[in-house]
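Undergrad: So the sequence lines, in the order shown, correspond to chains A and B.
Heads up: the first sequence begins at 246 in my numbering, then just goes up one per residue.
Heads up: the second sequence begins at 11 in my numbering, then just goes up one per residue.
Calculated from the structure, these hints are not laboratory results.
Keep in mind the model is a prediction, meaning the values are calculated, not measured.
Not one of these hints is a red herring.
Going by beta-carbon spacing under 7 Å, a handful of chain B positions derived as facing chain A:
1. S213
2. K218
3. D219
Cβ coordinates follow ideal geometry from the N, Cα and C atoms, glycine included.
Single-letter residue listing:
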Amino acid sequence: MKKNILLYPRFLQRFDNYLVKKYPLMWSIRAHYFLYYSLLSCLVLSALAMITPIGMADLDYHSHEVSISISSILAVTVTCFWIYKTVIFDKQRQFGKRKITDEYISFFLSYATLVGMWFIIFSYAGVLEFKRSNIVSEKELIEDVNAANLAQVFMLKTSDYNHQDESDNTSNQSLPVYSKLLNTDYQYFSKHHFHFFEYDDKYIDGERAGTRSGYIKGYDSAEGVRAKAFKVQTKAEVHALLNDIADLSVKYDIYNLENSHRDENEYFKIITFDDLKNDYDNAIKTQSSKPYNSNAHKSLNNETTANEDLQDNKTDDFDQDITTFKRLLNDRLSDISRLKFSNNGFFGNESLLFSSYFLLGICILLQIFKNVRWRQFIVLLVVAILLPIIYAIFGLIFSSGIRAEYYVKLCYYGTFFYGVVHLILAYDRNEYSIWNIVGIMIFNIMVLTIPVFTYLIVTEGEGNYYDSVGYKENLYIIQLIETAFFILFMLPLLKRVYERIYALPRN
Amino acid sequence: MEEQFLNKRLDELWQLTQDPDLARATRRMLDVGTDLFLSRDLETKILNIRKKYNSLSEESVDHNPDSYQEQMNNLRAEIELVCTEVKEKSKVPAQPSVINKVMLTTEGLGKVYEGKGRTFRFEPLTLELKTGEITGVVGENGNGKTTLLRMLAGDLASTSGTINFPQYHTNEWYEAKQKIGYIPQRIDTWFGTLSDNLKFTASIHGIKDEENDYAVDYIIERLGLNKFRDLTWKQISGGYRLRFELAKVLIRKPQLLILDEPLANLDINAQQLFLQDLKYLSQSIRHPFAVILSSQQLHEVENISDNLIFIKNGNTLYSGARRDFGKDRSTNCIELNGQFEKQELIAAIKDMEGATVEETGTIYIVNFAVNIAPVELLKTLLSKGLMVNYYRDISDSTRKLFKKDM
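Okay, chain A solo, but in the shape it has when bound:
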């Protein structure tokens, strides 16, 4: 049979032949072919990314979501093809001389292959990230951050997103800095403005502090970062500082998301360079600005003095603009720091963790697939699709009154596996009936709701589990119970896999 030389190059055919005769298990996973295809795809996509023009407007990570989606489709297609070619083939292996360790090898090799295939997504995005992170040199960035340090002195106690009617203390002394930033030679500052953010302690009142202790932590950290910012001199310090800012930024984003009642149009309002320029011109016309340098340096060394000056020189017309300006600067700083020093976005720790779990999940499903029958696996997939819908409904019901996401998620996994195992066993015993299915669902609901109600009790209905007395002690007990349940649920499945591996007769 004539094969395509690009898809089946000679060296790969020879290697394939070698593997099948020497290492059949490795051959059956077809890692060699699919890693080769992945490498080809990565090279093509990387080359595409290399020639893709990017500019300052592309600093925002989201500007490349479309291309990443296309890469994802390619990765998913290759994965599906791999599953078709590999896992299905392995389905009819007929009890070769396989050791228990072979199952682990098979699992990890499958995982490695999947990771390799999913790297297709990262290749395109990665090259783009690299290019974008190099638009601004590190030297420039250091200078910018230090310039921002100067600027932020003039913007103390003003960055309240929701309370613009409160004392948004801005001085016309800030105008020179504002002006400097706007007219800077650094291109990205002229388009995306810069601001070192902080939180207004007036905003963090007692009530909100009680329910948003995470925010308080964020505030504390912000203070720390701010303190560091004044001392930034070296590249390493810039790195450290920007990482801190990135961390804060995440907390800040979470906070913003939670306050979804805000006017999003207002929040996401983009102020262009021209807008700011006009604002500035207007401000110059209506107010007399003080010399920049002397006050700025003075403020840098004497924050209290600067604050007093700021308090004395309010400029209402300018407040709105400054607030928005600072917000945008926040975002830009976050973007730049992420691009430059941090692996956020697609490369963020959370994203990578999620991707790892996702691929691990696929691998687990594939291993289950190998050890159960076709129809059992289809049942499993149906359950996999149905259960999250039920969970989503429950999640929705409880999300407003309680924040126990992680534990609810744990329940999801537990109940999911329980449902799967139960249905597989029920299938084996020819026990499928409507009552059986209803029974499973009722049990799932119970398992799902018990921990949620437990939390409600623990938190005395407040839903504030962070600050509840004895929360941690109760948490450990609940975790123990849930782990026990989880193991209990998993046992039948493990037994099935064990039986399959050791070729035991079925009942």
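Here the structure of chain A is known, so what remains is to put chain B in place on it, guided by the hints.
TA: Coordinates of chain B only, in the frame set by chain A:
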């Protein structure tokens, strides 16, 4: 003894080369090659002869009959040459006596299916399977044949009794299954090409490197699957799928082969070829194996089987040597049909001692005293002017156990 064995095999081969068609000769040559512990060079020579034959047989004889015949004659000469070489170089078979080793025994093996409104019991069975022997399992549908085979294959857990593998001194199914080849009634779909599957199967059962190449080539040529080598499941017929399954099982040299209704999808010629291959291969000196198969092709199975098991409603009515079945019978039994009515048949044989007639569809079953030779019935019918189309002596066949009154 060893020399005697060698000469016997070579004589058989010599006889086969005198056939106009060299199909059997080249097949048996491969078997002989395996049995005689030849060098790899000589084995490859034999394999090449079979390859030549297979490629020749794929050509149309009508296309150029003279050339075809000439090439066949050349091949015949080549076989004779190789036979001479075999005689000179072959080593004596190491252990010709491995045939008839007990591979599997069961003691009181039983199974109970508890179902809604119906409970099926496969009554305890004690059984012994030996290498080189074929055991046929016969019986009506839904009576427990598949249950028995699945239990023996370790696919289904028994409710009672034990299964032992005396050769391995182990009761671990994982170990045992390495030596059991099981082809279920419904063959699972396989993926990829036939040769890839064979290579993988051989390799995963420990046949690696050059040995793997030879084993794959050998089994493909031996079972005549060469032209299907690069085909996939969808591209071959049901009969060849079964032959491929057999190849996949045989390549790993099993010591017990369990086949559930293997003849169901085969035409009559393919059935004969399949059973003949089974007989030859199971009696290999080097790799003999025990065979147990179920089938509804009663006569074909009886012809080839050394032992028979007849199951009815989960009860084993007969389990023993084929030749012993019906040895103690009280009546002879003939299955027939022809251009006459039942009443005419009864009238014609009314004078025969103990004669009775049963009608099963279009067939009549006539029983009469054991002291009357079966041929006498035929003589009687012809003398009475009855035209007989079909006549079979089932006195020593399990066919008579299918009768309604049993």
